[in-house]
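Residue strings, one per chain:
There are 2 protein chains.
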Amino acid sequence: MTDLTHTPDWVKNAIFYQIFPDRFAKSKNVEKPEHLEPWSLPVTQHGFKGGDLLGVCEHLDYLQDLGVTALYFNPIFASAANHRYHTFDYYQVDPILGGNTAYFTLLEEVHRRGMYLILDGVFNHASRGFFQFHHILENGEKSPYRDWFTVYGYPLNAYHDKPNYSAWWNMPALPQFNTDNPRVREFLFGIARYWIEQGADGWRLDVPFEIKDPEFWRKFRVITKEANPDAYLVGEIPSEAQEWLQGDMFDAVMNYQFTAACVGFFGKGSRDDGLISGMMGLPEIPELDASDFAQRTRQLLEIYPRQNALAQLNLLDSHDMPRFLSMVRGKKDAFRLASLFQMTYPGAPCIYYGDEIGLMGGRDPDCRAPFPWDEAVWDHDLHNAIRTYTHLRLKHPVLRAGEFEPVFAQEACLAYLRHLDGEQLFVLLNTGHSTWDFNVPVEKWFANAVEFEDLLGGEGAVIEEGH
Amino acid sequence: MTDLTHTPDWVKNAIFYQIFPDRFAKSKNVEKPEHLEPWSLPVTQHGFKGGDLLGVCEHLDYLQDLGVTALYFNPIFASAANHRYHTFDYYQVDPILGGNTAYFTLLEEVHRRGMYLILDGVFNHASRGFFQFHHILENGEKSPYRDWFTVYGYPLNAYHDKPNYSAWWNMPALPQFNTDNPRVREFLFGIARYWIEQGADGWRLDVPFEIKDPEFWRKFRVITKEANPDAYLVGEIPSEAQEWLQGDMFDAVMNYQFTAACVGFFGKGSRDDGLISGMMGLPEIPELDASDFAQRTRQLLEIYPRQNALAQLNLLDSHDMPRFLSMVRGKKDAFRLASLFQMTYPGAPCIYYGDEIGLMGGRDPDCRAPFPWDEAVWDHDLHNAIRTYTHLRLKHPVLRAGEFEPVFAQEACLAYLRHLDGEQLFVLLNTGHSTWDFNVPVEKWFANAVEFEDLLGGEGAVIEEGH
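Protein sequences appear in the order of chains A and B. For the first sequence, our numbering assigns the number 436 to the initial residue and increments by one for each residue that follows. For the second sequence, our numbering assigns the number 436 to the initial residue and increments by one for each residue that follows.
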């Protein structure tokens, strides 16, 4: 029998790349409607750029070169929203993305390359166009689906006045499923099972805390893990999430607590508080010095079972917040060091598309700009740095599965050791403006005269007097 | 190369049965939403009874016993209307009907029995839930699909005020496709092709005259006939339809002109003018005596090429008008004789579900009552009569492909000959209340002393003195 508490080993070795499908890449081989916004013009709230899944397929070489081994997609099912969180049909990939055909082409190619792919599961709410909701909109209380949603009056006010039905954040466009209805549960579980059976490697679960019944998510886990014990389940829980990671619900969460710590430490001195404030609904993000940061990042590992900590989705930003580089007012070094930390910390790093070439963007929708494929506008130094870090991680198992041991933390300077089965790897970070002649106590780990190789190409070092 | 003008031979030999899917039969093997209306209670405008396609499958024995060889379905694609003319998704059979799975199960069984199945194609308009329309509803002019419909202003007034977009009969629930858009054409042709390739035996085309471009329908014919040269294309054209039946568009039309003639003749003396008035938007239906009727029914054959006349869909009523039996105020003999005429006249007869057991019903929605499967409420005499007539038709090729020759027509009495390759069959109808000692001149056809067998079990007759 499968151990249902097990978290997938592939995740512990993965480097994720988050793709907002309308904005990553466009293929000539997907037929599109006519009135798309030009790729290079600024994004708008409701406009479509026309990115698609064959476009992703055509850039897998780029992603592999970047060190990416797994893709996390924002929603891809048919939807009338450019972000596709307003699901119209859970069984059809959006036609503008190339439909199910493009999806399965991509999936096959991803798997052929030994890569993985997870999907965004939006199960708390649907859209006004979702069949069963539309059914009530058209037929009122005569609709046999009337108990799929929570309706307070007929006819539905879906397009004028305030919604007279339960809607997420009372937004009429997002009618909330009545997940107490067993038929609705079966429907949602059916979707969960179907796409895993069809080969997806996991689900990122949108606002799971809104479905206020742990049994829902326990059953969800059983169903997906039965379909594939290696399916990855990662919840969008911005807060600490101990109760979600006990083995019976999710493997991991989107680690926005990690994000907040990175903003707090690496952003010190350059942060844009206006952009940072309200990030993911979290309380104010405090500034952290190296010592606070070391403590917090260590704590974020200790509060979870080890196998869950190693499977966390560690991100510096996402489609739901300003890009990291914008939050630090474009300070490349801050972002670069944060990325180095991300790539040398336990848990699966996740790069938000375009961050690696220096794409900037404030709050939604600005953080969802199209990927500029004109390499002339890329920050190649940054790109090379990130690629170096990812490949370090891929090359050294100690960076993925090793212990994380801060050994020195003072003001802007942080040193930590990763160690596993006799392999040791030291990371030294200086977020300040002045040079750090590091003098770190390591007698616990290394004998005198042990020589260090600088994996980033510097001079190396030799242990002297335990330092 | 295929002769694209050819009409399918199977149709010329078929007896159709029209099924309104929500109302014919319910299978325990299709999962349904909870709040269906009880089968036996009166129908309502928006209620769902929950008929399904496996229910049809489970009654194919019944239909074959009735002599039925082909099924014509009112729309089956996903729709929030109980009649399903408001198409939501042209590629999905409605979940309440059992979805695509039930459809393909049914189709396979229909074909296994040597029967045929045609679908209702609604290509002039969609629904407010149709993806591309919903897309405009949600995104306004930012939707890349904005030219799939004809929009006069944003945002769309789809659920309040008057529609500010082109809608069929200005009904907001029925947004009209912009069929001038080549992408829309390709989409619609794609549907037409897909379902034929998947095995459907033809399309009944809803309000085709609303797409005011003959090229659309010419291309439509080419596409479906390329997919299957034997696909049947029958348009809903209530008027005379010479221009549609020249070989480049449809094989046939729903022969409401035949219906009108039958109401005019067989309904004489019992007709309910209140119910009849406005039938299918036709001008007033005149009363006809036998001579008028003979002339009209002959004319209805002569105005079309012979191969189209033989492929006409001859119906006595449909889901769009009161049932024949109600139009003649329940006079069973009038309906029975009309059915006998229908079964002995050139063109494919089509029985509207339930007519054969005496189901009554006025205008929509009353004409769409659930089929009562409790045989205690059936009119068994009527059922037996209809079954006798259908089997006569199936047994005698002359009734299908033979010439139609009225030989006597006076007041309530009509006699006509069907003849083909030396087989002759005489039909004598008396719609009046008194006995008709028929004395019909037949010297043109028969020698004296030729003996007639009464196929309906009576005494037979012998020709004397050319009569």
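Because the hints were derived from the structure by calculation, they are not lab data. Don't take every hint at face value.
Because identical chains cannot be distinguished in the list, a pair is counted as satisfied if it fits within a single copy or across any two copies.
Below, in silico cross-link-like pairs of lysine-lysine (BS3-like), each with a Cα-Cα straight-line distance of 30 Å or less [said to hold, decoys possible]:
| hint | residue 1 | residue 2 |
| --- | --- | --- |
| 1 | Lys647 | Lys577 |
| 2 | Lys660 | Lys879 |
| 3 | Lys447 | Lys879 |
| 4 | Lys830 | Lys766 |
| 5 | Lys597 | Lys577 |
Evaluated hints:
1. Lys647 with Lys577: Only inside one copy: Lys647 and Lys577 sit 29 Å apart there, 35 Å across copies, limit 30 Å.
2. Lys660 with Lys879: neither (42 Å within a copy, 82 Å between copies)
3. Lys447 with Lys879: within (27 Å within a copy, 94 Å between copies)
4. Lys830 with Lys766: This pair counts as within: shortest intra-copy Cα distance 28 Å, inter-copy 89 Å.
5. Lys597 with Lys577: Answer is both; intra-copy 22 Å and inter-copy 23 Å each pass.
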